[in-house]
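K.L.:
Below, each chain spelled out in residue letters.
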Amino acid sequence: MKKILLVEDDKSLSLLYQEELTREGYEVVLAADAESALELVRSGGFNLIITDIRMPGKDGIELISSIMGMRKDIPIIINTAYQSYKGDFMTWAADAYLIKSSSLEELKLKIRELLGE
Amino acid sequence: MITSYRMQPANFNLEIPKELVLLSIIAQSFFQPFSLEDNLLVILTALTSGAGIGFNRATLFLSEGDKLKATMWLGPRSPEEAEAIWTMLSSPGLGYAEIVEHNRELVSRLLPDLQPKLKALEYNLEDEDLKFPAAAARDKEIVLVTGAGGDPKVDRRFLDFVQVDEFLCLPLVARNEIMGEIVVDNAITRAPITSRDIELASLCALLAGNYIHTTRLYKKVLEMEKMAALGEMAAFISHQLRNPIVAIGGFTRQLVNQPCNPDKCQRNLKIIQDEIKHLEEIIFRMSHFLRIKIKELVPIDYRPILLGIKDRPDIKVKSAGKTVTISLPENNSLILCDPVYFEEALVNLLDNALDVTPPGGRVYIRACQRNKKWVTITVKDSGPGLDEKSQEKMFSPFFSTKESGLGLGLLFVRRVLESCGGKVEVRSKPGRGTMFKLYFLSRERGSL
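Protein chains in written order, with our numbering: chain A, 1 to 117; chain B, 1 to 448.
Keep in mind that the hints were calculated from the coordinates and are not lab data.
A hint or two may mislead.
Said to hold, decoys possible - Pairs of lysine-lysine, BS3-like flavour, derived with a Cα cap of 25 angstroms:
{"no.": "1", "chain 1": "A", "residue 1": "K58", "chain 2": "B", "residue 2": "K429"}
{"no.": "2", "chain 1": "B", "residue 1": "K437", "chain 2": "B", "residue 2": "K322"}
{"no.": "3", "chain 1": "B", "residue 1": "K389", "chain 2": "A", "residue 2": "K58"}
{"no.": "4", "chain 1": "B", "residue 1": "K264", "chain 2": "A", "residue 2": "K11"}
{"no.": "5", "chain 1": "A", "residue 1": "K11", "chain 2": "A", "residue 2": "K110"}
{"no.": "6", "chain 1": "B", "residue 1": "K310", "chain 2": "B", "residue 2": "K437"}
As the list claims (entries may be wrong) - Reference listing, derived: stretches of chain A covered by chain B, where coverage requires no fewer than 3 residues with Cβ under 8 angstroms from a Cβ of chain B:
{"no.": "7", "region": "12-20"}
{"no.": "8", "region": "81-90"}
{"no.": "9", "region": "102-108"}
Said to hold, decoys possible - If you want the footprint, here are the derived chain B segments under chain A, 3+ residues with CB under 8 angstroms:
{"no.": "10", "region": "242-249"}
{"no.": "11", "region": "271-280"}
Positions of the beta carbon are idealized from the N, C-alpha and C atoms, including for glycine.
Make a model of the complete structure from these sequences and hints.
P.N.:
This is the structure in structure tokens:
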């Protein structure tokens with residue numbers, strides 16, 4: 001089973017994404033902030049990472065650069081409420097930039113695409 | 001030995017060159033918190049006063065896009081008025097500041113009468129048939145017009161207004177852009193305009209042009225700051241609202257599209273209900289935040305308010321298992337603030353402090369009469385403290401270290417303090433807790 005790390009500080013959204021992606025047949029591990037996400041990445045085994053940008057503590061952009069420093073082979077999807085970070089060139093390091101939507105179709109599609117399914 | 005001098009000498013040494021007198025008069029006015037109009041009036045005063053160049057009258061035009069519009073006029077309207085004004089102004093001991101004051105009064109007295117006439121003096125700088133005085137601004141050239149009455153290149157409306165045959169056009173230019181024009185004349189004394197007058201006047205025009213330019217730039221910067229703040233606000237609102245809306249939408253879709261057992265249905269509905277409540281709260285707090293406006297500062301006794309905060313139900317719940325210590329100074333002076341905003345600002349800080357203080361930890365609130373001017377109120381927590389990066393960002397809107405924080409609390413505190421003449425200081429170190437020190441203006445009991 002493909003394993004996805006979801007970094008999201010909003011509780012309701014974490015639950016929603018976890019349920020929906022589990023239904024799609026993925027194993028979803030949750031992290032509420034960048035620090036715990038990095039711990040999890042270090043322990044390994046993820047096929048894909050989905051992260052928000054604005055979070056307490058380290059933000060998603062810093063998280064991406066830390067992950068890139070550790071391993072470059074895990075695809076990363078930015079899933080955020082902000083359009084404005086698209087201009088930040090660090091977000092270009094991610095494989096996709098999605099704006100949060102109550103329809104998860106685009107996210108699911110992107111995941112399938114990046115996992116080569 | 002320590003000797004003090006006035007920063008703005010009232011009188012000038014008669015020996016020094018006129019250029020320095022003019023520069024000094026104008027520089028001193030820029031030093032004051034004057035408006036654009038006031039500072040331009042100072043320049044007109046420098047052009048017309050005896051201590052300055054001594055022209056009889058001055059007309060000021062300002063550029064507005066392609067237009068050049070007459071906006072201010074300074075000087076007597078008749079020989080009689082001139083006599084009265086100049087006698088008054090040459091009374092001994094009168095400093096330039098008094099003259100400016102007098103001129104300000106004169107301009108506002110003349111304005112109702114002059115306004116319609118000035119309004120009619122508007123030129124389009126793109127106009128091919130542009131006449132003097134406006135043509136001087138277009139050409140960015142100082143122009144002395146003599147024999148104006150018979151010259152077809154001079155605008156009749158302007159001549160009807162000034163009723164004079166000789167006048168000097170001083171374009172106001174900065175960075176090669178036309179800012180305006182000043183026209184001076186000697187309509188009352190009929191004294192010819194000399195080349196020395198023109199030399200001195202050009203100096204004033206140079207300063208006026210650059211001053212208008214700087215003021216306009218400053219206005220633009222303020223506008224841009226406002227726009228940037230608006231942009232940030234819009235981004236913030238979209239984020240704050242999008243998360244709950246996505247959650248509501250997502251869980252609603254599950255209810256509509258997927259078979260749900262009663263427990264899950266109930267759970268989804270509960271989440272939707274909570275998120276809607278969250279949305280309402282965001283809207284309430286934002287509108288509340290935007291409304292801060294202290295109309296009238298009143299001396300308030302902050303002691304009972306501080307002591308009362310501890311007993312507020314919301315604070316009581318949060319402070320369970322933690323200690324809140326409040327210490328007050330001996331004397332009973334008052335502070336200038338609004339009682340409601342004061343309480344809310346303190347509740348905000350205490351609420352933050354309790355959030356980061358671990359169980360068993362302490363929060364101190366200490367009021368202190370620093371000196372005659374300030375009362376400080378310090379709120380110190382025993383939390384983890386903040387790193388430099390968070391300290392830098394802590395007062396910027398929408399920055400929060402809390403999961404559900406809106407990032408408006410500290411900004412609110414600062415806005416309250418600023419609007420009552422005080423300030424906020426923060427000291428924090430990782431591992432050592434955070435301390436907020438609020439400075440309030442102190443007032444003795446019984447005085448205002």
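K.L.:
Honestly, which of those hints from before does the structure not fit?
P.N.:
Checked against the structure, no hint fails, so every one of them is satisfied.
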